[in-house]
Amino acid sequence: MARFIGRRLIQGIVTVFGVVTVAFFLVRLSGNPAALLLGPEASPADIDKLSETLGFSAPLPVQYVTFLAALFQGDLGLSLRQNLPALDLVMQRLPATLELALSSFVLGIVLAFLVVLALQLAASSRLRSAVLWLASARQAVPSFWLGIILVIVFAVELGMLPALGNNSPQSIILPAITIATLELALYIRLLDTGFGEQHKQDYVRTAYAKGQRRSMVILKHMLPNALLPVITVAGLNLGALLGGTVVVELVFNWPGVGQLLISSISQRDYAVVQAAILVIALFFVIVNFGVDLLYGVLDPRVRLR
Amino acid sequence: MTQTEDATSLIGRVGTPLPEGGTPRGASPKSRRAGWQKSTPSYSVAVGMVVVVLLVIVVVPLLPVFDPTSQDLRLRFLDPFTDPSHLLGTDALGRDMLSRLAVAGRVSLSIAVPAVALNLLIGVTLGLLAGYFGGALDNVISALADIQLAIPIMLLLIAIVSAIGPSEITLIVVIGLANWVGYARVSRATAWSLREREFIWAPKTHGASQMWILRKHLVPNVIPALAVLVPFDIGIIVLLEAALSFLGLGIQAPTPSWGGMIKDGQAYLRDDAMITVFPGIMLFMLVAGLQFISQRFTGDRQPDRSGA
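Taken in order, these protein sequences are the chains called L and X. Mapping the first sequence onto full-length UniProt numbering, position 172 (from 1) lands on 172, and the numbers just tick up by one. Mapping the second sequence onto full-length UniProt numbering, position 176 (from 1) lands on 176, and the numbers just tick up by one.
Take the hints with a grain of salt, since some may be wrong.
Claimed, not checked - Away from chain X, derived, C-beta distances all over 12 Å, residues of chain L: (1) R28; (2) S51; (3) A58; (4) D75; (5) A96; (6) R138; (7) N237.
To be verified - Computed from the model, here is a short list of chain L residues facing chain X with C-beta under 7 Å: (8) F24; (9) L26; (10) G74; (11) I152; (12) G235; (13) G239; (14) I277; (15) I280.
The hints are simulated quantities; they were obtained by calculation from the structure and are not laboratory data. Where a beta carbon is used, it is the ideal one built from N, C-alpha and C, also for glycine.
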């Protein structure tokens, strides 16, 4: 187990390092960030001056080391528009994003779990096809569009729920439904596939041979095994979940990191863009590391691989 | 004859397919009837949806009423099916919706198709090399794949586009470079399973080079498995591009895009919701159609990295 943790830790550190390096080069990919910041009308003298202050005129390797050193101290530079530490701005928005992403995730996965168990116990192929069809169809609908349709129906036409912002407890309902239905669809299909594979296994045959009831075989024998692949994909899917949340935040004017990220891009506030991307990516890497460890604990076969 | 074959032929006679393995003995007849066949919604409906979208993309530009650019503020927010020269109505600037939907579809596919081609090229090359040669090369390529998966594609796209600015080429290159892992995995598994077979090592005895064997014998064997993933991935990329355009980071005005049209329409929900609804329907028909077509051949594969 120690070897397994060690290997995953090294992998995690390499990935974090990769993400940090990508973030470093991204801002410099565009040429001189100072020139971009000041816009096309700025004079060369002004650009040079700002470059100097921001440290963009030093040689790249020097900049990279300075960047890493500052990063270790939690310093991601100042927001050039608001003159506040970029990291603080991102951390202020993070709770709203996590609230939306996690509540949608939990809602989606719990519902998926119940739906698939019900499908297994009911054993109706027609019902199962219909549910799977719906799940596939949901995955083909862009979330931002579904969000707008929900706004049209529930906020504009029926006036039941608030459309924008986060001013009341009901505000989270529409954005959460938008994201949760996508998670629901994904996990219904995953769990269903997981169960489908278990039906062929020898241990299931043995359980039936012992004379166990179908419901017992499903709940006691198949369920734990069907859950395993879901845990891995849940970790990877988190990236898509966070990416999707960024887009849905914009639809509902939800005051999270995604909205900050997009508005900072349009204001060319690169320190904040960099900080937002780093925070989301690091969060993703850390959770994935946790998921992998959990997987190693739950399934001894993984540790041996 | 094994029990499984027996069960399959029995079920086969009454017309309900049962996949390999079958339902274990002891299961109730009810569960056997349920079976575990691949779920595909009506295939013809899926093909129909894709054909409708392709028809719009191909045929509408040939019509005399095709005009995606000219504005007429007197005709803004025209309702659908009221004016024969604006069959689906007009948008906030009085531009023809149907024409714009057609152009947007063409733009969308002109990004998705080359991006998938790039995915295939990179994925097949790396996957075959890893599977055929194994060893250190395999380790390096697998590590590369792990890092690739560890960076959410939507975030990567937002980051790169925000740094170097949006353009169609940027989208193609970034998606093309960031979405190859699925193809690499399939290619690697195929190469790995075939590397000891006679038709792979026999050519070496008459002096065939490794690359020649890869090209002539391995590539033809992975193509069928990958071909069915292609429509699925095209759908995923269409959704990605739409989400980016919605954020203002994809296709830029005045070029129409489904995502951009939805973004523009959002400001006029109370005036005319249809300008937001139509692009979404086009997206759904294309993506769902491609997905269902792909599912018919692959069974089930999750779009777990769509981010849209």
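Against the structure, the hints come out as follows:
no.	hint	verdict
1	R28	violated, 8 Å
2	S51	holds, 17 Å
3	A58	holds, 19 Å
4	D75	holds, 20 Å
5	A96	holds, 18 Å
6	R138	violated, 9 Å
7	N237	violated, 5 Å
8	F24	violated, 11 Å
9	L26	holds, 4 Å
10	G74	violated, 20 Å
11	I152	holds, 5 Å
12	G235	violated, 10 Å
13	G239	holds, 3 Å
14	I277	holds, 5 Å
15	I280	holds, 6 Å
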